[in-house]
Amino acid sequence: MEVAYLIETVIKVVVILLIFSALAGIGTYFERKILAFMQRRLGPMNVGPYGLLQVAADGIKLFTKEDIIPSGVVAPIFKIAPVITASTAFMAAAAIPFLPQFEIFGYTVHPIVADINIGILYILGIMGVGLYGPLLGGMASANKFSLLSAARGAAVFISYEVVTGLSILAPIMMVGSLSLIDFNEYQLENGWIVFNLYGVGFIAFILFWIAAFAETGRTPFHLIANDHEIIDGFGTEYSGMRWGLFFIGEYANMFFISFVIPLLFLGGYGDGSILGALALLGKVAFFFFFFLWVRAAWPDVRPDQLMWLCWKVLMPIAVVNILLAAIIMI
Amino acid sequence: MFEAIAFYLFAFLTALMFFITVTTSQALHALTALAAGMIFISAFFFILGADFLGAVQIVVYSGAVMALYAFGMMFFDTTRDVKEKQGNKYIIAGLSIVSAILVVLIFAAPMVTDNITALYPMTEGVGNTQDVGMVLFTKYLVPFEVAAVMLLVAMVAGIVLAGKKMDASLTEMSEAEIEEINTRELS
Amino acid sequence: MMEIGLNHYLVLSTILFAIGLIGVMKRRNLLLLFFATEILLNSVNIAFAAISHYYGDLTGQMFAFFVIAIAASEVAVGLGLLIVWHKRHSNIDLDTMSTMKG
Amino acid sequence: MEIYLYVALFAPLVGSLFAALFGASPRTKIAGIVPSLLLGVSFIASSVLLKHIVSGGDIVHVEMMTWMATGDLYIPFGFVVDQISVTMMMVVTLVSTIVHVYAIGYMDHDKGFNRFFSYLSAFVFSMMILVMSDNFAGLFIGWEGVGLCSWLLIGFWYHKESATWAANEAFIMNRIADLGMLIGIFLVFWNTGTLQYDGAFAAMQNLDQETLTWIGIFLFIGAMGKSAQFPLHTWLADAMEGPTPVSALIHAATMVTAGVYLVVRSNELYALIPHVGLFIASLGAFVAIFAASMALVNRDIKRVIAYSTLSQLGYMFAAAGLGAYWVALFHLMAHAFFKALLFLGAGNVMHAMNSELDPFKMGGLGKTMKVSMIMMTLASVALAGIFPLAGFFSKDLILEVAFVDHHFIIYTVLLLTAGLTAFYSFRIIALIFHGEDRHTALGFHPHEAYKFMLVAMSPLLILAIIAGFTMKMPYFEMVTQLLPATEYHVHSATTYWIMTIGTQLFVILAIFFAYRKYMSKDIRVPDGTSRMENNFFYKLLINQYYIPHFYEEYLVKPYRELSTIFFKQIDQKIVDATVDGIANVLLATGESTRVVQSGNLSTMLKWMVAGMVALLSLAVVFGLAVKYLDEIQAILSGLGV
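Residue numbers (the working numbering), protein chains in the order written: chain A, 2 to 331; chain B, 24 to 210; chain C, 4 to 105; chain D, 4 to 644.
Because the hints were derived from the structure by calculation, they are not lab data.
Do not take every clue at face value.
Pairwise CB distance ranges, derived in the manner of DEER restraints [stated by the list, open to error]: (1) D/Ala580 with B/Thr46: 53 to 59 Å; (2) D/Gln600 with B/Thr46: 49 to 55 Å; (3) A/Pro77 with B/Val176: 36 to 42 Å.
If you want the ones that stay clear, here's a sample from chain D, every Cβ over 12 Å from chain C, calculated [said to hold, decoys possible]: (4) Ala206; (5) Arg306; (6) Asp399; (7) Phe472; (8) Tyr478; (9) Ala488; (10) Ala496; (11) Gly505; (12) Phe515; (13) Tyr548; (14) Gly602; (15) Leu608.
No residue lacks a Cβ here, since even glycine has one placed at the ideal position from N, Cα and C.
Start from the sequences and build out the full structure, keeping to the hints where you can.
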């Protein structure tokens, strides 16, 4: 039993790693294509049919490019930083139930690496640790822009972690558990959390969604690596595969957040049937698409606007929301 | 088996990280090592079944405390070498080790005499989070609220200290200088 | 050897505490001194959690929570003070703080 | 009725606090007017209570709140308005209202105007507590309160050395007496278990004679201090350093009569111990003639009136001591009116003469100060006891009491004193208002006081005239519901008429003698050269029988020398040396260890860890010692320890 459990876990880990690495690559393709369509361009089209092999070409380029360690950096930290980003992104995946459990060859598979009973807290914590990638990368680089990016990153992450934490408190109070599987069960019985509790769930959902943009560092909150201000921020001095790891981490994060949002608020995989699994994938696809859509549609905000939004708008709303939830539940 | 392996692995890693933290002359190394050590410590908490404490350890220490320290480092421009005068190493090490051993002796003393009884025993069949919640909001409600107030006070203090005008000492200034500051503030 | 008991954790906690004390006494840079105090707090937390586990009593965990809370407030106030000091004296070296001289 | 009680009690306090609000600000009329109005309110409330009591209403007794409750001791803030206290309340509120109004004019130019009214109203409040309290503890609070206010007011012009000296003298002498009073109160509580008047006096009926005697003596010692009886009398004359309204209110009409009030209030006690009563009466008679004799030659009008007050207090004590409590209280009331009037008149004179007090330097002031002259003359007539003014009724009654009780020595002494009283009263009247105009030569320009001051004094004048024949019988009927209703009548009508007319003739003779002697045109300002001034008796009297001198020489000086010895030998050489030694040791230790405080935090941290190691080692050692206690003891016993 224990050996089987071990093997299963290893297999799951490997599968998740592979799938999401690949997804990160394909994600870039989708992003370019979708942005291109929205901007009346063609996007990648030369490598392979519809430019599909562009992903592979990019991968080869990244892997084979020379790994430059500039002088003046703090070498060990400089080397570790991208790994942190990538690995935390995948570590967060350990507590996410990607699909309902299913049977294969008479063996029940739980598509979750570890069903720990503090799943949400764990995800939040790991997302918090994800901050160290940009932070250490920026501080270790011998570059003022990188340092600025690190400072911005730290500020944004700390601030929006508050909003994230507060916004999911109300759903946690409804469910009474920190496990994502329990969330799914609850929503199966009581309907989606978005529509629960006279709009409290909806407000929490919106807040979490907004915070998700900041947590992943996507437009319109793309200021820790804002091209027109601070070049590539913490990534300025990186090249080759190290830069690629940052890249994979960012896209993996986007996918995980896209999983977490429906799991938390939109009913997850439902009753566990094939239909439910497909529905979950559909929701994930929508949220991933939404990230790209927003990038095409909206400009970036200034850092001060971002902090203003966090501390003076979102956080008060989140606190009031929690109070409302508590009052209504009483 | 797993538990022993995990314990020794993490014990080694934690000790190593903390050792780096206190000995390295690279401030960034110290920061990274400390953050890593904090995360490794949370591993002990998970091993010990204190899941919630472990999560809190990661969220608070790694997510907030260390990030603040990182801010401080950027602010004070101490991301590289730190020049420090060195004292007598033997005294330092000797004192620390002796005191540590004494602390262990004192910790161990009640266990030798078996004087400890579980005041708030863990409930069977309930997750650690629930368990913690029960005790925290019943038996330890007052300390919890006091801690909350303390955090609030600390927050206000931090804001005020790091805020404007705190670099100037009003007590050391002349009246004219204070007046000048006030007029500048108004205009 | 393979059975991990309370004493293992206490010894670990002691080792970490000693490391922290070394840091406290050795460091002259205030920021790094703060790091050392964090180590002290964490080492004690391990002992608390271990005792809590082996005696089946939640009090130890509660104490660990409060220690974390104290650490958080300490950072807020301590960093604020450091910033003030740095603004005035442009350094955070412990040896320059000698106005308490008797 | 309770509301009136509270109003009467607390209106002065409100006034005091109101005036105190302006304590630090410059002189404002409002600080004088409001307390005066509030005192008027208090007076009206007292009048309502009086009417209530006179018309046969119940005694008003309230318990405001618990003050002390520990073990067996239960003392409430209780207040009672009965026949005795309502009399005192009327006297206090009436005289103080008038004095307040008068003081608005009198203190017109004083810098401490606001402060003065704060003190004065506070005094009235304390006095009200004193008279209204239903237990000894409350009485003692009021007792100390009036003492404090008296101290504040005597020393009101604190920049004058003599004023502060007089204030301290009064305060210290009163403390000595208050110790006696306190012992008396302790004895009361010790023996009766309560401090409430009714409970205590009821319990006293069962106590043995000796205990009661001690209680009576100690309580009377308190009364002696407050009422300035011999040998604690010297402070009263010196207290005239205070502003004149203060003298009128405190040192004539109210506070000094507190002793009499105490004796009257404790009549049930003193009725049980007649020998103490006789002692009181004898002392009273002695003080009466003793003080009157000193007043004969004094050259300070306020002191003369002060001695006269002393003398009259002696009369009151004589009456009270003989068991004629209602007579004592009646004389107290009548005396309050005309003595306050006399003082206020003296105040007018002082005002006119720029605070000059020597009557020899005045003369002929009657021309410019007609109203004051009439008032003071009438007050003096009342004091002298001429029919039909107030003094006649009360004072004559005291003489009758002494006569009827067959205490003929006391009677003779008091009769003589009556003559002396008439003489010295008209001596100063003659010197001030009649005879040659001596002040113009000395550069004074006297003027009459403000109109409203005179108007304010007029109620006193009216009362001084009519208090006797209109009030005596209603008063008697009212007050004897509580006090022993002994009627004092000389049985033989012939004797009565001979006594009365004889007394009157004696007094009138004394008045004429005074006028004849002091209105002559060739009277000069005494400069110590005349034959009379070198007379032995004159010297004895002007030096107050050398009693202050005696105190100074045989009490103060030895005490001072003793203190000096103690200061030099014990305080400096032993106590100071010890304290300094300790301080020096600490200082030396600090100096030698200050190197540790290098100001370097890192070093401090190391020291901290070293200290922690030491403490932890101690903890471990002790822990081990406790754990292996048995083994250690076995080893020690093996070693033969």
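Here's how the hints hold up against the structure:
1. A hinted range of 53 to 59 Å holds for the C-beta pair D/Ala580 and B/Thr46, which are about 57 Å apart.
2. A hinted range of 49 to 55 Å for the beta carbons of D/Gln600 and B/Thr46 is inconsistent with their spacing of about 29 Å.
3. Taken as a hint, the range 36 to 42 Å holds for the pair A/Pro77 and B/Val176, whose Cβ atoms sit roughly 39 Å apart.
4. Remark: the non-interface label on D/Ala206 is consistent with the geometry, its nearest Cβ contact in chain C lying 61 Å away (cut-off 12 Å).
5. Non-interface status of D/Arg306 relative to chain C is upheld: no Cβ of that chain comes within 12 Å, the nearest being about 64 Å off.
6. Residue placement check: D/Asp399 keeps its beta carbon more than 12 Å from all beta carbons of chain C (closest about 84 Å).
7. Chain C leaves D/Phe472 outside its interface by the beta-carbon criterion, the shortest separation being 86 Å against a cut-off of 12 Å.
8. Separation of D/Tyr478 from chain C is adequate, the least Cβ-Cβ distance of about 78 Å exceeding the 12 Å criterion.
9. Every beta carbon of chain C lies more than 12 Å from that of D/Ala488, the smallest distance being close to 80 Å; the non-interface claim holds.
10. The Cβ of D/Ala496 lies farther than 12 Å from every Cβ of chain C, with a closest approach of about 98 Å, so its non-interface assignment holds.
11. With a cut of 12 Å on Cβ distances, D/Gly505 stays outside the contact zone with chain C, its closest approach being about 91 Å.
12. Every CB of chain C lies more than 12 Å from the CB of D/Phe515, the least distance being 88 Å, so the non-interface label holds.
13. No beta-carbon of chain C comes within 12 Å of the beta-carbon of D/Tyr548; the shortest separation is about 67 Å.
14. A cut-off of 12 Å between C-beta atoms contradicts the statement that D/Gly602 is not in contact with chain C; the least separation is 3 Å.
15. Remark: the non-interface label on D/Leu608 conflicts with the geometry, its nearest Cβ contact in chain C lying 6 Å away (cut-off 12 Å).
In this structure, the hints that do not hold are numbers 2, 14 and 15, in rising order.
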